[in-house]
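Top to bottom, those sequences are chains A and B.
By the working numbering, the letter at position 202 of the first sequence is numbered 202, and the numbering carries on one by one without gaps.
So the working numbering is basically just the index in the second sequence, starting at one, shifted up by 1000.
FYI, nobody ran anything at the bench for these hints, they're computed from the structure.
Virtual Cβ for every residue (Gly too), placed ideally from N, Cα, C.
This list has only true hints and no planted wrong ones.
Now the stretches of chain B that chain A is said to cover, found in silico as 3 or more residues with beta-carbon under 8 Å:
(1) 1089–1097
(2) 1119–1125
(3) 1203–1215
(4) 1241–1249
Subject to a maximum C-alpha distance of 20 Å in a straight line, what follows is the list of computed SDA-like cross-link-like pairs (lysine to any residue):
(5) A/13 <-> B/1180
(6) A/44 <-> B/1217
(7) A/13 <-> B/1102
(8) A/44 <-> B/1123
(9) B/1098 <-> A/19
(10) A/44 <-> B/1132
(11) B/1008 <-> A/103
(12) B/1261 <-> A/109
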Amino acid sequence: MGQVIQKKDHSGKLLLPAVVVVALITQIPFLMTIILSLLKWNIKRPDQGISFTGFNNYREIFTDPNFWVVIINTVVILIACLALCTVIAVLLGVLFNRDLFLGYFCRSIIIIPYFVMDCVVGIVWKTLLLNPSLGLNYYISSFFGFSPIDFFGAYSLVTIIILIVWQWTPFFFLIIFAGLQSVPGEVLESAQLEGASGLQTLLQIQVPIIKAHINTAMTLGLINILKVFGLVYVTTQGGPGYRSANLPYLTYRTVFFNWSIGEAAALAVVTVAITLFLTQKFFSATTRH
Amino acid sequence: MFTLNYEKRRYLIFSTIAIVITFLWIFPIIYMVISSFKEEVQVAIPRLFFKPTIENYQEVISATFFKSLKNSIIVTLGTVLFTTLLAVPASYALVYSKVRSPNGIYFWFVSTTFLPAIAVIMPVFILFQKIRMIDSHIALILLYTGAGVPMMIWLITNFFKEIPSDIVEATKIDGCNRWQTFYLVMLPLVRNGIVSAAFLVFIITWNEFFFAITITYTESTTLAVYMSKYMTQQGYFWGKMSATGTLIVMIPIVLGFSAQKALVRGLTSGSVKG
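In isolation and in its complexed conformation, chain A is listed as follows (with noise of 0.2 Å):
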């Protein structure tokens, strides 16, 4: 494709400015990380100065129990989320794949909440909808005389994975109906005369045709579910305690509540490991036939 032009060519160099900027603001920053995550540095301490620890920040999360509960948290949530996400899309993108009365209406409006900032969405399940005290959660239990469920206490962990898997199926169901919009009307129909039921047809015919669809939607998910900190922040905040807070929350807190810049860092280099690991896998496990 590159070969039409053929001249002395230059253009080339278009790219520099892009790679400059994204090499400055992504990937020296994130040396640096590296480089501070070997570091003992309290910013609100100076007195203590900053000295080389080696692995001891490393170390020191490992050790910590809590550093555990927030590991299994994540982990928790990216399977709850990736899984739901991606059985409700397909049975939407199923569902929506026929002739419908409004169905292309109803497929653009059902996207909504992936557009919507996580902040607003997380206030607004907190107090609107699943506040305990006030609110519809308070009204609709007390019209059926049972004490509202607290939400954002004991099954806080849950609330995180149902407001995920609320904001972020829109998004996989986009990718994946595309990919059932792309499975020939003919195949299915055939499959219709052979006596498959719907069922049959789903997994054994379309899923296997959409896969590569299915794969994308799981990866680019996989990678933002593990971003989540906007709806954790505004939500519980972690908490009660650490159960319900994921690694990028646990993180923030070590930055700009203990200021403890050494560990946070080696907290963001798990992280980052943790996300290369898992998107890794992940590849390999896909695109394995």
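Fit chain B to the given chain A structure using the hints.
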């Protein structure tokens, strides 16, 4: 006769299910919009029938709201502008220039979007504080541009690749120089893709919270930070909160509608063939 009825019934049943599910799914948004037109007490103790009031909006539209709105607009438009100026030439060069391993560079860009914000915030925070750029528009714009450029390159490179090569060849024979070819021939073909990608960058920047809460304090706080202030309110300001939320989400939703198609095309083109 029977089959026709059967088809018709299926059509009705599935349409109803789809409409009900859609309604339930976006109910939180609808409920927020409705609540924004209620008096506070009607929000706290939900009432189905009420006389709509715009009182909440009148109170919400205040100096601090406008300041955050102004900041959000400056930061978001600045980001979209810089991102487009950097990403469009880069995508062009990845497809039409002789660079070493364009695929490698393309995937390097894509891979930077995997990087969580917490992985870069500490050095950036320390640096910005040293050079007194913390709490400034330009600091936010820089960070968001760093995140937006890879996103946009990811979404639009394939639009450049899909331009039929005989069209490009023909313009060369007609004596167009490269700039003319780009401007007169390619740009009209990829314009929709670029606009949609710009919309998406707009939406993501507008909604971004992590950088906004960490590197702004008072002067450059965006709407996301303004909104987060409502998180501790215990039921006295839910009407105003709903009004604020409604105002904040309007623009992204409208832009989102028009970006949907290109979003799917861009995101799936890298990994999905055909």
